[in-house]
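Undergrad: Here this note's numbering is used: the first residue of the sequence shown is 1, the next is one more, and so on.
Source of the hints: derived by calculation from the structure; they are not laboratory data. Accuracy of the hints is not assured; some may be wrong.
[Stated by the list, open to error] Computed spacing ranges between beta-carbons, pair by pair:
id	residue 1	residue 2	range
1	W232	E186	50 to 58 Å
2	A92	G156	27 to 35 Å
3	Y88	S118	24 to 32 Å
[Stated by the list, open to error] Below, simulated EDC-like cross-link-like pairs (lysine to aspartate or glutamate); rule was C-alpha separation at most 16 Å, straight line:
id	residue 1	residue 2
4	K95	E279
5	K166	D151
6	K166	E179
7	K166	D150
8	K95	D150
These numbers were taken from a predicted model, which means no experiment stands behind them. Ideal placement from N, C-alpha and C gives every residue a C-beta, glycine not left out.
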Amino acid sequence: MGSLLGLVFGLGLLLIWRSGPRRPRRRGGPSQSATQVNELLVQAGYTSISAAQLYALCLTAGVLTVLVVVGLSRSLAIASAFGGFAAYGPVALVKMRRRQRQSELRTVWPDVVDNLVSAVRAGLSLPEAVGQLSTRGPETLREPFRMFADDYRASGRFGDCLDRLKARLADPVADRIVEALRLAREVGGSDLGRLLRTLSQFLREDARTRAELETRQGWTVNAARLALAAPWAVLALLALRPEAVGAYDSAAGVLVLAVGGGVSIVAYRLMLRLARLPEDERVLR
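With the sequences and hints as input, model every part of the structure.
TA: Rendered as structure tokens:
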């Protein structure tokens, strides 16, 4: 009876989450999922890893975890549960690294804009202003701008080089800066400096506000993650006791693990949804 109530409760939470506002889905080919994963890797800074390699790493982590847990506990049911969590581990690490990198970039983008304003005031052309960021810009962003400078010296096509720069950065702030530079290059105008100064001020205010919110909610999110991991830590300790392992190898034990895993996933997703701060989307790809 308790397992049935847990299953109904988990399904109810899933329906509540699915009933919320959804972003419109974009039509795409069969490689759309791989494209999104590749963009996730770029945003995390893992430019040398492809989506296929990430999938292979997830599969390897899951299989190795199953083998290790089976060897320790002699229970395939418990090993499968931990194998599922281990298979998601590389994706979770990539997402965590992406959040960290976005937080780091959020603090340096105003410096990038200030450098562009200084270069434009000094009379440099737009390609030269962007290329000099490879030596004067923030350390974390020098490599993409160095590649832009190399591309422009090789081809001389400013628009194409900006497109490749946007793909390397994969950041909504970078998209706005690039499109502002493209517009200034194509139609001219004297408002580029004013536009960049306004953008720099807005980025600094946004970074300061977001840092305060993340600090206030950090302890809540960490406490929720600890509460989610605690039952599975207890299960890992129980897996070392043969009398407990036998209970989970039964049909009822498998059902308990399945329901517990489903409720954990739904609770974790709900926690992330409730604690999520508004994020800029890449509307200027």
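Undergrad: Take the hints in turn and mark each one as holding or not.
TA: Structure-based check of all given hints:
no.	hint	in the structure
1	W232 to E186: 50 to 58 Å	holds, 56 Å
2	A92 to G156: 27 to 35 Å	violated, 43 Å
3	Y88 to S118: 24 to 32 Å	violated, 45 Å
4	K95 to E279	holds, 14 Å
5	K166 to D151	holds, 13 Å
6	K166 to E179	holds, 9 Å
7	K166 to D150	holds, 15 Å
8	K95 to D150	violated, 30 Å
Going through the hint list in order, the structure does not satisfy hints 2, 3 and 8.
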